[in-house]
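Number of protein chains: 4
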Amino acid sequence: MTERVVLAYSGGLDTSVCIGWIAEETGAEVIAVAVDVGQGGEDLEIIRKRALACGAVEAEVADAKNEFADEYCLPAIKANALYMDRYPLVSALSRPTIVKHLVAAAKKHGADTVAHGCTGKGNDQVRFETGIASLAPDLKCIAPVRDYAMTRDKAIAFCEEKNLPIATTKKSPYSIDQNVFGRAVETGFLEDIWNAPIEDVYEYTQNPATPRDADEVIITFKQGVPVAIDGKQVTVLEAIQQLNTRAGAQGVGRLDMVEDRLVGIKSREVYEAPGAIALIAAHQELENVTVERELARYKRQVEQRWSELVYDGLWFSPLKRALDGFIAEANQHVTGDIRMTLHGGRAVVTGRRSDESLYDFNLATYDTGDTFDQSLSKGFIEIFGMSSKIAAKRDLAQ
Amino acid sequence: MTERVVLAYSGGLDTSVCIGWIAEETGAEVIAVAVDVGQGGEDLEIIRKRALACGAVEAEVADAKNEFADEYCLPAIKANALYMDRYPLVSALSRPTIVKHLVAAAKKHGADTVAHGCTGKGNDQVRFETGIASLAPDLKCIAPVRDYAMTRDKAIAFCEEKNLPIATTKKSPYSIDQNVFGRAVETGFLEDIWNAPIEDVYEYTQNPATPRDADEVIITFKQGVPVAIDGKQVTVLEAIQQLNTRAGAQGVGRLDMVEDRLVGIKSREVYEAPGAIALIAAHQELENVTVERELARYKRQVEQRWSELVYDGLWFSPLKRALDGFIAEANQHVTGDIRMTLHGGRAVVTGRRSDESLYDFNLATYDTGDTFDQSLSKGFIEIFGMSSKIAAKRDLAQ
Amino acid sequence: MTERVVLAYSGGLDTSVCIGWIAEETGAEVIAVAVDVGQGGEDLEIIRKRALACGAVEAEVADAKNEFADEYCLPAIKANALYMDRYPLVSALSRPTIVKHLVAAAKKHGADTVAHGCTGKGNDQVRFETGIASLAPDLKCIAPVRDYAMTRDKAIAFCEEKNLPIATTKKSPYSIDQNVFGRAVETGFLEDIWNAPIEDVYEYTQNPATPRDADEVIITFKQGVPVAIDGKQVTVLEAIQQLNTRAGAQGVGRLDMVEDRLVGIKSREVYEAPGAIALIAAHQELENVTVERELARYKRQVEQRWSELVYDGLWFSPLKRALDGFIAEANQHVTGDIRMTLHGGRAVVTGRRSDESLYDFNLATYDTGDTFDQSLSKGFIEIFGMSSKIAAKRDLAQ
Amino acid sequence: MTERVVLAYSGGLDTSVCIGWIAEETGAEVIAVAVDVGQGGEDLEIIRKRALACGAVEAEVADAKNEFADEYCLPAIKANALYMDRYPLVSALSRPTIVKHLVAAAKKHGADTVAHGCTGKGNDQVRFETGIASLAPDLKCIAPVRDYAMTRDKAIAFCEEKNLPIATTKKSPYSIDQNVFGRAVETGFLEDIWNAPIEDVYEYTQNPATPRDADEVIITFKQGVPVAIDGKQVTVLEAIQQLNTRAGAQGVGRLDMVEDRLVGIKSREVYEAPGAIALIAAHQELENVTVERELARYKRQVEQRWSELVYDGLWFSPLKRALDGFIAEANQHVTGDIRMTLHGGRAVVTGRRSDESLYDFNLATYDTGDTFDQSLSKGFIEIFGMSSKIAAKRDLAQ
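Protein chains in written order, with full-length UniProt numbering: chain V, 1 to 398; chain P, 1 to 398; chain Y, 1 to 398; chain C, 1 to 398.
Bound-form chain V, shown alone (with noise of 0.2 Å):
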C-alpha cells in the first residue's frame, strides 16, 4: 500500500509545489490540509480544489477561526501573553490549532507522515514538529524546503514545468504569516535593524500618525473571557475581530522588535495586532482591579513562562497545561468592564468597574470615609523591614 503523507497547506506557491516535490521525493500520496484560522485571502473551497489539482489524492478544508479563538487566543489573553514583553503570540498560536487538524487528518486518512513549509532556521518547525510529537508521537515530520532543499527558484521552475494552476507572481519583499490574532512581517529590508518599517509592511493597521477621532469602548469580561463589547455579547473571534477592526483604524497594535528566536538567532520582526493588544491591555488592567497582589506578583512570572513555553512550540507539553492550571485559577473573579480610549495607536485603559473588586474606596480614599486604621503602619514597617535591618546592623559595623 502506498505511503500517505498529510500536508499543511496553504493555497500558495510554495505548498502547492511541495505536494507534487514530497510525491517525488517519497513516492507517497499527499493530502493537502488547509485551516482556517483568519488568515483571510481566498475561498477555503478555491484551495481545496487547488489541492486536488496539483496532485493531492485528498483535500481537506477547515474553518478554525472560532476553535482558532476559543481554544488558542483566549488563553493567551488570560495569560497577557507577550513574548520579551512585546510579541502576542501570533503565528505561536496558530501553530498548535493547525497542528491538530493535520493530526486528525492523518488518523482519517491512514498516513504515517505530516509535512510543512517551514524553513529549518525559524520557530514554525519548531512549532510543527513538536506539535505534532505530542499528539501523535509516531507520525514522521518532514519539511520540503528545509529536509529536500527545495528553494524558492526550483519551486517556480517545479510549477512551470509540472504547469501547476498557480500564479508565479513576483514574491513579496516580505515574509508574511497572518491570522486573525495578528500579523507578521519579516526579512526584506526590514533584515536591516537600523531600517524603519515603511507603511507599506502593514495591512491590519492604519497609520496611527493621522490626525482622526478618537473610538471608545467598553470591554467586558467574565471570568477572563472577553465576553461583549459595548454591552453587546460577543464570541471571542468577534471580540478579536471587531477590535482588529476598530483598534486597527486607530493604528493601535504596531510592534518593531528583535527577536530572540527558539534556533538560537536574533531576527527582526515586524508585527500587528490591534485586537490581541487592545484586548491583553484590558485584560490586564481589570487583573489590577481584581487580582490580589501576591496572586498577581507571581502570575508575571507564570505569564513570562507561559510565554516563552508557547513561543518554543510547547503549547502541547506538561508544564504548559500545568501553567494553564495556574492561570485558570487566576482568571476566577477577573470580571467586570474596562472602559478604553482608541486612538493615535495607542490602547488606553481610562475607566474600570467590577463587582469583583478589590479596589476599596473606603480603604484607599484620603477623603471622608478612610477605614484605614493608620496606626498598624508602625507595627508593620518595623516589622517589615526587621531582617533588613538586623543585616544592615552587621553591615554598617564592619
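Quick caveat, the hints were computed from the structure, so don't treat them as lab data.
Where hints are given, some of them may not hold.
When chains are identical, the list treats them as one kind, so a pair holds in a single copy or across two.
Below 30 Å or equal to it, Euclidean Cα-Cα: the simulated DSS-like pairs (lysine-lysine) are [said to hold, decoys possible]:
| id | residue 1 | residue 2 |
| --- | --- | --- |
| 1 | 108 | 65 |
| 2 | 393 | 108 |
| 3 | 393 | 65 |
| 4 | 154 | 222 |
| 5 | 140 | 393 |
| 6 | 222 | 107 |
| 7 | 393 | 222 |
| 8 | 49 | 107 |
| 9 | 108 | 140 |
| 10 | 162 | 222 |
| 11 | 232 | 154 |
| 12 | 107 | 140 |
| 13 | 107 | 393 |
| 14 | 49 | 232 |
| 15 | 49 | 222 |
| 16 | 49 | 65 |
| 17 | 107 | 65 |
| 18 | 140 | 232 |
Given the coordinates of chain V, work out where chains P, Y and C should sit on it, guided by the hints.
Frame of chain V; chains P, Y and C shown alone:
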C-alpha cells in the same frame, strides 16, 4: 541636652507645620532638610529660610539632582524597572535618595530621630522608615500625620495660630509627588476608578491627541548608561531632562492604573514620566539586540523582583544589592544607538545599531549570504521536544 | 447580650488560664475549642471537661486527624514542601486546620472574636490571624500573651489564685508543638546555636546512631497520594502514622536548623518528622520518574513559593489556591511504587516502578536494545548552544 | 599542512583507540590532552607516554586539581548547587575545566578540531561542545563514538589489530566518571530502576550501615569559601579531599536517583560525593545564619537555575556569569564555623558560630533578655494579611 529631630522638609504647608508640631509633641529641636530631586518649584534658599522662619534650629538644603539621576534613576533604567509592568517607580526612587541626606544630617547634627510628612496608609512611610533602618538602625522615626494625628485642617489651624509664613491656600484636589524622573497624581475624583483622568491633572506632558509633528531622537547607551542624545554627550540627568521635554511635548509617558500598595490596598494612580518611559523603551530594545537569550529571559524575572523590592521600600536591602550584581553583569554589552520616534503619546523604536550586537545578518537573512545550516534543525527539534514527546506517548496511552 | 470569644484551647496551663483571663479582660464569655491534629496526650473528653471547669461557657472538641492529613498534610506531600529546603511545615500546616474549626465554632456560637495562646514574636500568631481573616474577615483576634501581657508567671499565679484544676508543674525547658506530621522543639539551651541537641529533646525518633536492623518499606502512590504501604491500603493519616512509627524507630526525620521567621528574626528550631520526611523523599523520587523535565524544573520553584506562603500563614490566600492548581496538574501521573530503606536516620529510595514511568529503558540503555538515535545530537548541540556561541564570538573579540 | 585534532585523552581503551581512529577517519594529526581533575588512577607521565605510543603526535598532561577545586567546585559550593535538589554536578563541573585545557592546547598546537570520547546520548557531549563553542567558537568538534560509529567491540578489535599498548580487559559492568568532587556510576544492572545499588558500585564511601564511631568536624568558611578544617588552614582542594576521606569513611554522600538528562531522556544514576555533600550542607546552614531572609529565599531560585545551567553544559554562558554576580554578592557575609557530625551516612550540622551572624539571641530568646517588641505584631499581621483579607471578603460573598 535637648533631643534633635531631623525632618524631611518640602517647604509646603504640611512639613512647615511639622516643625512646630514635632517640637510641641516631643520637646525636641527640629532640623529641616530639603532635598532637590528635580521636583521643581521654589528655590532651595527660599525653602531653607522658610524652615528657619517656621522654627527649625537648623535647615539644610541639598541639590541632589545628579545624585538622584546617577545612583537611583540609572539603576532603574538598567533594570527596565516597571512595577506591575507599568510604573517606573518615580516616588519609590526618590525616597532612598532623600533618606541618605536625612541620615547624614542626623549624624552631623546629633539627632536621634527622623521625621517625615507621610500618612500611615501609603508606601512612602515604609520607604522612609526601612531606608533609615538600613542606613542608621539606631535612629527612630516619627510621622506626625500618622503618629500625632496632624490632619490637614489641624495643620492649617496651627499655621494660622502660629502665624507661620506659609500661604494656606486651598489645597490642590490631588495629592502630587514629583521629581525629575516623573510625576504622580492621586486622590480627588480619580478615587472613582471609573472616572477618566482629565487634562488638568497633567503637567509634564502635552495632550498626545493634539496633532503635531513627530520628533525623532537617537539615544546612545554605553553599558546600559544613556551617554548621548542625538550624538551630543549628556549626563544621566540631562538625558532624563531632555527627554522629559521632548517626549513630554509629544504626550509620551502618561500612565493610569490601579496599583497594589505594599500596605495591602489597591489605589488609583496617574503618572507622567516621559523621560523615564522613553529611556526604558530604548534600553529594552537595545538589550533585545545585545543580550543573549537565556540571560534576557532570566533578567525579565529579576527585573520584576527588583521593581517589587524598590516599590516596597527595600532599596538598601541585601537582596537588592545582589540583584544589582546580576543586573550590572547583564548590562556589560548594552552599548549602541537606538533611534526613536516620539509622537502622539508613543515612544517607538525604529532603528538600532551596535558594535556589540548579537543580531547576525548572515544567520538571520533569508536572502543571499545566509550562513545558517538548516540541516542542524532536525536533530535539534527531535531532542528539544523529546521529553515532551515521551510524556505524550504515556499520556495518550491512557 | 454578652459578647463571646472562641479560644483555641489545648488543655494546658496557658490556654486554661486564658479562659478566665479573657473573661476578665473583655467581659466576654469564652468558648473553648480543642482540635486533635494528632498531638497525642490527653483524651479529648478530659480536655473538654477541663475547659468547662476552667470557666468556659461552652467547650467543643474535634478529632481532626483525618481532615488534617487529607486536606493539609497531603497537599504538602504533593508539593514536596520543605521550607528552606528542610522543614516540612509541621506547625504551619496545623494552624489552618485549627482555624477552620475556630471559625466554625464562632459562627455556631455567635462569637465575634477568636483568641489564641501565641506570643507576639512567632509565626503562629500570623497563621492564626491571617487564616481567620481569610475565612471570617469580620472576626476580631486577640492573643492574651501578646495583647494582655499574660506571662507564664502571671498565668501560674492566676491558676493558683483561681484554683484552676490544672497542675502547674515545672514547665518543660523547651517550647514544643507537635502533631501527626511532626514535632517542633525550640528555646532552652537550643537558643545558643552552637549547642548541639541532646537525645532528651526527641520523642518521635530513636537515636539514629544506635545499631539496629534496617527496615524496608514499599510506598504506593496514586496521583501523588500515598495509598498503600507494603501493599496494604492506607489512608493518608495511616500512611503518616505508620511511617512515623517505622521511620521514627530508625531515627529518620530529625532536623536542626536556623530558620527565617516571618516576623523578621532568625530562630533555632529542632524538628522531628519521620513520616513526613520519608513520604516526601519517596514522592520526590516518584516524581523524578513520572514528571516531565520542564514541568519538574518549574515545579521546584513553585514548591519553594508554596512552602514560603504556607510558612508565612497564607494557606487560605489566592496565590496558594492558584499554586495548588499547578501542583494538582503536576501530580496527575505521580503513580507507582517506591521502595525505601529506613535505617540509621536515613530514608533512602532503592527502587521505583510505575506504569506511568517516563524512564524508557530502551532510550536509556547503553546495552542491547538502545533505540536512541545519536545522530540527532550534533544538530541539537549546535542549535542549543548557538545563542551562547554567538555571544562568545562577540565577547572574545573584545 | 596536515590538520590537527586535539583529543580529550583519559589513558583508557576508548580514547587510546580514538587516536588512531581519528587519524584514519580524518587524516589529521592527533594531539592527546589529559587533564587531572582528581580522578585518581595512573600517573600523568604514564598516560602521556601511552598517548604517544598510541600514535599521538603530541601529548600534554596537566594537573588541574587545584584549578578544578578553586574555579569550578567552589562556585558550586557557593551556589549550594544540587541539580534536582540532589546531584552536586560532579561530572558537569569537570567538563568546562577540561575544555579550557583542550582549547589552550588547540591554540598552542594549531589544531582546528577538538575530539572527545563521549557517546551521542549523554550530557557530556553537550558540555564539551558548548564549552568549546564558547571559548573558541571557530573550533570544530568531533566525537568518534557518536560520529564515526566507534563501538566498544570495534575499539577492541582496532586495539588488537594495531597492537596498541593497552590491556583490553573485560570492561567494568558500569560506566564510571570520577573526579575529586565525586563519582558517578551508571548502566549495568542499575538500568533496571527497581534494582537497588549493591556495595560493589561504591568506591569513595564505606557502607553507612556498618557500625563505627562518629567523626566530628568543624569547617570554617570565609565569604563562602571553606578555609579551615578543625582549625587548620586548607585550600579548597584540601577541604574536598579531607572531607572525601572523613565523610566517605562514614558513608556520607551516596545518591541514587532517576535524573532528567538534557537530551530529553531520564537515566538512572548513582553518585558518591562525600566531600561535596558535607561542604554544601555546612555552607547551606552557615547561610541560614548569615544571609538575610529575602536574599536567602531568592537565592534558592537562583541556585536551581545555576544548577540547571551547569548541568546543561552552559558553564561559560552569559546567564551563568550574571548569576555568578548575584551569588558572589550573596556570599559576602558567609563567614564562620559549622560543627558537623559525620556518621552513618549522614553529615549533620550540630552547631554554628559567626561574627557575621544575623541570629540575634536577644530577639530570639523567650527567656530573660528578650528585646523583641511584641506590640508591633498586631499591626504587622493586619497589614501583612490585608490583601488576602480583602480578597477573602469578596470571595466569601459569592
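Have a look at residue 108 and residue 140 and pick one of within, between, both or neither, based on CA distance no larger than 30 Å.
within (16 Å within a copy, 46 Å between copies)
Is it within, between, both or neither when you check residue 49 against residue 107 at 30 Å Cα-Cα?
The answer is within: 22 Å in one copy meets 30 Å, while 61 Å across copies does not.
Measure nothing new, just compare the shortest in-copy and cross-copy C-alpha distances for residue 107 and residue 140 to 30 Å and report within, between, both or neither.
within (13 Å within a copy, 43 Å between copies)
Classify it for me, residue 393 with residue 108: is the Cα-Cα distance of at most 30 Å met within a copy, between copies, both or neither?
between (72 Å within a copy, 19 Å between copies)
For the identical chains here, do residue 154 and residue 222 meet the 30 Å Cα criterion within one copy, between copies, both, or neither?
Neither way: residue 154 and residue 222 sit 51 Å apart in one copy and 46 Å across, limit 30 Å.
How do residue 140 and residue 393 come out at 30 Å by Cα distance, when the copy is not named: within, between, both, or neither?
For residue 140 and residue 393, only the inter-copy Cα distance (14 Å) is at most 30 Å; the intra-copy one is 64 Å.
Please work out whether the CA atoms of residue 49 and residue 65 approach to 30 Å or closer within one copy, between two copies, in both situations, or in neither?
The answer is within: 21 Å in one copy meets 30 Å, while 69 Å across copies does not.
Intra- versus inter-copy proximity for residue 65 and residue 393 (alpha-carbon distance at most 30 Å):
between (62 Å within a copy, 28 Å between copies)
Pop the pair residue 222 and residue 107 into one bin, within, between, both or neither, using alpha-carbon distances up to 30 Å.
For residue 222 and residue 107, neither the intra-copy (37 Å) nor the inter-copy (32 Å) Cα distance is at most 30 Å.
Treating 30 Å as the Cα threshold, decide for residue 393 and residue 222: within, between, both or neither.
between (50 Å within a copy, 19 Å between copies)
Using 30 Å as the alpha carbon limit, work out where residue 49 and residue 232 are close: within a copy, between copies, both or neither.
So residue 49 and residue 232 fail the 30 Å test inside a copy (38 Å) and across (62 Å) alike.
From the Cα coordinates, with 30 Å as the cut-off, is the pair residue 107 and residue 65 best called within, between, both, or neither?
Answer is within: at 22 Å inside a copy they meet the 30 Å cutoff, but 51 Å across does not.
Checked against the numbered hints given earlier, this structure breaks hints 4, 6, 10, 11, 14, 15 and 18; the rest are met.
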